[in-house]
Amino acid sequence: MSPEHWTRPSRADAHGHADTAPAATSATPTREQVIAGLRATSEGGADLVQLLTPEGQRVTHPDFDIDVSAEQLRGMYRDMVLIRRADREGNALQRQGQLGIWVPLLGQEAAQIGAGRALRPQDMAFPSYREHGVAWCRGVDPTELLGIFRGTDHGSWDPHETGLGLYTIVIGNQCLNATGYAMGQKFDGKVGNSDGDASENEATMVFFGDGATSQGDVHEGMVWASVYDAPVVFFCQNNQWAISEPTERQSRVPLYERARGYGFPGIRVDGNDVLASMAVSQWALDEARHGNGPLLIEAFTYRMDAHTTSDDATRYRMDDELQAWKLKDPVERLRVHLLREELADQDFLDEVEREADELATRFRQFCFDMPEPPPERIFSAVYAEESPVVAAQRDDYLQYLSGFADAGHDTEGSVR
Amino acid sequence: MSPEHWTRPSRADAHGHADTAPAATSATPTREQVIAGLRATSEGGADLVQLLTPEGQRVTHPDFDIDVSAEQLRGMYRDMVLIRRADREGNALQRQGQLGIWVPLLGQEAAQIGAGRALRPQDMAFPSYREHGVAWCRGVDPTELLGIFRGTDHGSWDPHETGLGLYTIVIGNQCLNATGYAMGQKFDGKVGNSDGDASENEATMVFFGDGATSQGDVHEGMVWASVYDAPVVFFCQNNQWAISEPTERQSRVPLYERARGYGFPGIRVDGNDVLASMAVSQWALDEARHGNGPLLIEAFTYRMDAHTTSDDATRYRMDDELQAWKLKDPVERLRVHLLREELADQDFLDEVEREADELATRFRQFCFDMPEPPPERIFSAVYAEESPVVAAQRDDYLQYLSGFADAGHDTEGSVR
Amino acid sequence: MAAPTVESTGSETTRTQTITIAKGLNMAMRAAMERDPRVMVMGEDIGRLGGVFRVTDGLQKDFGEHRVLDTPLAESGIVGTAIGLAMRGYRPVCEIQFDGFIFPGFDQIVSQLSKMHYRSQGRVKVPVVIRVPFGGGIGAVEHHSESPESLFAHVAGLKVVSCSNPVDAYWMLQQAIDSDDPVLFFEPKRRYWEKAELDPTTPPLSLGSSAVMRPGTTATLATYGPMVKTCLDAANAAEEDGHELEVVDLRSLSPLDLEPVADSVRRTGRLVVVSESPAESSITSEVATRIQQECFYSLEAPVLRVNGFDTPYPPSRLEEGYLPDLDRVLDAVDRSLTY
Amino acid sequence: MAAPTVESTGSETTRTQTITIAKGLNMAMRAAMERDPRVMVMGEDIGRLGGVFRVTDGLQKDFGEHRVLDTPLAESGIVGTAIGLAMRGYRPVCEIQFDGFIFPGFDQIVSQLSKMHYRSQGRVKVPVVIRVPFGGGIGAVEHHSESPESLFAHVAGLKVVSCSNPVDAYWMLQQAIDSDDPVLFFEPKRRYWEKAELDPTTPPLSLGSSAVMRPGTTATLATYGPMVKTCLDAANAAEEDGHELEVVDLRSLSPLDLEPVADSVRRTGRLVVVSESPAESSITSEVATRIQQECFYSLEAPVLRVNGFDTPYPPSRLEEGYLPDLDRVLDAVDRSLTY
Ligand SMILES: Cc1ncc(C[n+]2csc(CCOP(=O)(O)OP(=O)(O)O)c2C)c(N)n1
Ligand SMILES: Cc1ncc(C[n+]2csc(CCOP(=O)(O)OP(=O)(O)O)c2C)c(N)n1
Ligand SMILES: [Mg+2]
Ligand SMILES: [Mg+2]
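Protein chains in written order, with numbering that gives the first Met the number 0: chain A, 0 to 415; chain B, 0 to 415; chain C, 0 to 338; chain D, 0 to 338.
One thing to keep in mind: the hints can contain errors.
[Stated by the list, open to error] Label-pair restraints from in silico Cβ distances:
(1) B:A35 - C:Q120: 30 to 38 Å
(2) A:D194 - B:R38: 54 to 62 Å
(3) B:E160 - C:E239: 51 to 59 Å
(4) B:T29 - A:E199: 22 to 30 Å
(5) C:P214 - A:E199: 31 to 39 Å
(6) C:W192 - A:P120: 46 to 54 Å
(7) C:Y338 - B:E375: 49 to 57 Å
(8) C:Y338 - D:E258: 19 to 27 Å
(9) C:W192 - B:R30: 52 to 60 Å
(10) A:E199 - B:A35: 29 to 37 Å
[To be verified] BS3-like cross-link-like pairs, simulated, lysine-lysine; straight-line CA separation at most 30 Å:
(11) C:K194 - C:K228
(12) C:K228 - A:K189
(13) D:K228 - D:K60
(14) D:K60 - B:K189
[As the list claims (entries may be wrong)] Partner residues aside, some chain A positions facing chain C, computed with beta carbon under 10 Å:
(15) A35
(16) G154
(17) D157
(18) G164
(19) T167
(20) V169
(21) L175
(22) N176
(23) Q184
(24) E219
(25) V222
(26) A380
(27) V389
Derived from the structure by calculation, the hints contain no laboratory data. A virtual CB, placed ideally from N, CA and C, is assigned to each residue, including glycine.
Working from the sequences, and respecting the hints, build out all of it.
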């Protein structure tokens, strides 16, 4: 009894039957089949939305055609080059001891700039910790990221002013916060307005990784969003790795298929194609703004650097893989396209390089100039209303510190 | 751009497009559409596995034909009648002040007996708190449930001996514990053996409700199970209500579809049809034993009583609904079938009634006779190795208590 | 986003009336929702059903499904979306159905709710209230009688409070909702039906202060929530023996307001701290530690504690033994007096 | 399922050698896995990568993917499946990558892991060890420097321990794995690379006992984990001023073994309790409370504490101020001496 059609994995054809299980009918995929399924679309294919080939050739897509001016394209190129440069400087500053850690964006520029440029000012974005490209699009200057990695603050921008939540390190947490925010947008009447008011519609986009999809909070975010029709777009950057763990440690099937279980659309986009990322993001955000949220986007991309500057990726992945992905470099892809289609000339590219140099200098200088936070900062803003306990600890501590100054001795220990 | 085929909800046809959202393409279902979708199969239909109609008529199913002897059928009838009787006595004992609370099973007998009888002795079952029928099948006498509801213990059976975990009240927790146990079965080499060893194969079944599907732990259980191919069958009793909340507070789409997001089979069975429940459970457990787990079963059923004896269901649901479901009563359905097909006669039914009376008497008497647990029980088995802190607290407390006895005075307060 | 001042509005809240704790909480939410359209209530079964304790009874009917949300069954979801709603300008009041079910929401409380204001350097306020019916004594099954408040008192960035009577229930919940900080609001569920007179024109104490509930000279009892009544009963019983026990209701569990306790101990020289929760690394430890520092020269006996035992909450037929009662409190006072 | 006795096996573990804490932990897991095929290790990045701190380095290579599991990224999943595996007879050793990431697993720890033995009346044992690199001082970003141990000390049914040196790391982890009770094992991550001589033939202390690390007469310091070194440094510095500080490493945080502390205080009359964690309702509160009870007549000063502040962990450029150091410890000793 019970034939193949009870077998729900959509990639069943790729899996076939497992030979070793005699009475089996539901064909649990082997590890190899899982990996093949997870990677299936990396070279394109029906399920992957792509508008620029790795060779920089513009292709059409039946559902996601998009009209982008040469200026917009150049703008996105500039975005990618500049944020990549800041990212590389971040790495370098860490190596020089200026930063405690840096979380590289390298390779994910297209996914982030495409999504970030699809957001409108009134929209809200909830990042994880690698979203330097998204931050850039929200108007958060790369220098504003430095405090987190230098250890002077936990994020220096104003989420309300910028429309960008603080970086969130506890994996998955932000998916629920974003869903709640999106529920608020809906309760505020900022969703599904038509005619004149349509331009006031809002949506929320939340960023997380392939590893994050395993967390309960991501699930609960999707349940909540679907039950309240929240205008939230779940943007999963599948960069193939959660630190040292490949995607098959988190799923048997491509991650965009998670949406099926909740009854909302899931779609996979070539995350190294900035145009496709923007097209799919715009569509999804529009859907959400019109009241058809939530939606899930899986941006299929690659973390070209280590997880962080503390990580040694050579311990768990092959150089081959990196080399293969280099051929799909998102920045290079757009550069070739711009030149091939004569949408930009060398002068433009040079000018962007110059801007990048300038940004790098400014970024580095900003880092060197960053003041040390004063000790009283430890105690500030713990509560909106000052806590007497914290205030007393602060006063005691500052007095204790001033004791060193008074006594004129340094911090060498002694029983005074 | 972006036509209907990006719309992933499988019930899209039922939903249609929302008229109010002008640029919308993904057709977020309205509340009415969601409810229609969630309830769609309650009258049968392609997605619902049914082998006995509500009128007790045996129907065939292309995938789940099952050969059951008259004796087995009578056995399942007996199971259902007896456990229903114990359940009703539980309610009555609570009303009489003998129990602090009772959690009624009424209406879910078929789902549970079907699943419970599909389990083999070496399998493991992880219940929630309403699984009196499953407990029955695992050889846990109904009297062994009483301590939980009387407040003398937290479960009096041995999970290792019975193959039934303790009742679990924190919603969803047991799904992860069950998955871990199933991983252990696999690591022990008890899965996927063929030929002679096949009879030693094992599987785990975990029971939870419709409400539970929203919990992160259920998600994580499904992620883990799919990643480790754990031989676990997720058995969701969708009894339409999570206390006062109907299923549409948890999902847009039928709950068995959650499995799609994880890439394993999900199937919906008529939970008021004991034969179908057994057939589907047997199939799923066999799949799991053969190494094709995990799987998800949604048993579509109805909680015919209040959530617990503390609940007043009239505050949130219509009597109509209950009346409609009474026509699908699982016990009655099998009784009619047995008589109609002459698989049992009135003598048999009378004999079962007599057994039920006997069980009821024994159950009640057991409850009346239950000894009060001694105060030292508070401190026992906190740790496998005695903790000096707990031991000291116990000794102090027992000495303190003996002070009352010595002084010959009662527990009236006074500063002595 | 400054907190509006608590004011009496509507006819219901200006005349003196007899109310229960449950009613006081219900009135408080109603008043807050009437005053501020951004206040909303969310949780499991709190809408149509009015909550398993009926504390939110009638709110959905009167304020609608968008302000009183019956949520999916997941506590991390409740807290996590409440944080997002708060960032959007709402003031969510979440109900956790029972004490033992707050743990799935623990991560969002500790990692996001408690830290958001600090990490954003005050730019992002998250005025979320989490109501938790807590404590034992109701004959319930597992996970329905726990006292997890100390876990939250240990977490910086949260306000943790507990009301012990209807009047405080009414005022403190409104103050919690008005607070721009996240507040864990512990409600003594077994006292839900205790009654008292509420005169809404009498101005309330501030949310952060403890209160002397009964003056005394022999010894001091410091406690909170359900144990306040127990301690007052103990003080009444002790009176017959000529002992005058001073009883302080801590009310705010974090930050603690220990000045009234220290003042009292300076006069009595003896302190017993009482709570249902296990003793280890708890609020009672904190009170004892700080009072032995503050009042080192006044204490005539060590600070003693009466707590639930350091065991899981027992089956309910054993809870009478587990929970501190009048006798155990008086026994501790006795022991204190022997020093 | 009785715990096998800890014995030295294999050549690596019989000769005296210089090891780090990280190495001691690694050796402990290796020894336990060699001894008992039911011991397994699981967590994020602990297999191929050997853990972000390399504490599990080489284990997957030697014991295979079925005994050393790189798990999906979810802590409730790690703890929840470990419980199931333990019910099946395995002895899982879980790694939580950093202190701040234990909270998604909090519910499984509190609701299931800690209570399983009690609720089953001892029929179900869950010998799960949860390793948590904890504490600050490594210049990390948010959530990577926390000290949540007090939260677990408050939860009945869990053993909570912390090692402070390589020798304890080696023995205590083996003892934790051998224990039939669930153990929260807190590892002082900033001391991972501290070295010491391990002579594996010297029998270890039992898991539940505290240890006097340095004798003294002026005052007693009680501490654990990363602060043990800080306190020993402070004692060294104080010596120059003629003060002899006795330093007790608590080792077991729940249950606490306070007899050695009380003994010491009876001699010194003064106690300072030191921990990186916030002070409120913490292990330091518990130690202070119990010692002021035990040693009421011996104490010449109140028990003082040196803790991290009651704020969220600050950005790392401020952690030097946040974390108790030699000076703050000595300042507290000074203050104790003024009574
Ligand atoms: C709850 C939690 N557990 C563990 C970690 C440690 N950690 C940081 S990043 C990471 C991997 C994340 O992978 P993914 O979600 O794919 O995001 P990526 O880093 O690849 O962008 C882990 C395990 C964490 N930050 N939070
Ligand atoms: C984590 C948690 N939150 C809340 C509760 C309170 N509660 C008990 S049963 C229940 C509804 C469960 O609904 P469902 O999963 O459908 O199971 P059913 O009771 O219908 O069998 C709730 C909210 C709980 N037990 N655990
Ligand atoms: Mg990733
Ligand atoms: Mg239900």
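Do the hints match the structure? See the list:
1. B:A35 - C:Q120: 30 to 38 Å: violated (49 Å)
2. A:D194 - B:R38: 54 to 62 Å: Between A:D194 and B:R38, where Cβ atoms are some 35 Å apart, the hint is violated.
3. B:E160 - C:E239: 51 to 59 Å: holds (54 Å)
4. B:T29 - A:E199: 22 to 30 Å: holds (23 Å)
5. C:P214 - A:E199: 31 to 39 Å: violated (60 Å)
6. C:W192 - A:P120: 46 to 54 Å: Since C:W192 and A:P120 have Cβ atoms about 52 Å apart, the given range 46 to 54 Å holds.
7. C:Y338 - B:E375: 49 to 57 Å: With a Cβ separation near 29 Å, C:Y338 and B:E375 fall outside 49 to 57 Å, so the hint is violated.
8. C:Y338 - D:E258: 19 to 27 Å: Roughly 21 Å apart at Cβ, these two residues keep to the hinted range, so it holds.
9. C:W192 - B:R30: 52 to 60 Å: At 36 Å between Cβs, range violated.
10. A:E199 - B:A35: 29 to 37 Å: holds (32 Å)
11. C:K194 - C:K228: Within the cut-off at roughly 12 Å; holds.
12. C:K228 - A:K189: This hinted pair is violated, its Cα atoms lying about 49 Å apart.
13. D:K228 - D:K60: violated (34 Å)
14. D:K60 - B:K189: Within the cut-off at roughly 24 Å; holds.
15. A35: violated (34 Å)
16. G154: holds (6 Å)
17. D157: With a minimum Cβ separation of about 5 Å from chain C (threshold 10 Å), the hint on A:D157 holds.
18. G164: holds (7 Å)
19. T167: holds (8 Å)
20. V169: holds (4 Å)
21. L175: holds (3 Å)
22. N176: holds (4 Å)
23. Q184: Status holds, d = 7 Å.
24. E219: At 4 Å from the nearest chain C Cβ, A:E219 passes the 10 Å test, so the hint holds.
25. V222: Hint on A:V222: holds, closest Cβ of chain C at ~5 Å, below 10 Å.
26. A380: Holds, about 4 Å.
27. V389: At about 7 Å, which falls below the 10 Å cut-off, the nearest Cβ of chain C leaves the hint on A:V389 intact, so it holds.
Comparing the model with each earlier hint shows violations of hints 1, 2, 5, 7, 9, 12, 13 and 15; every other hint is respected.
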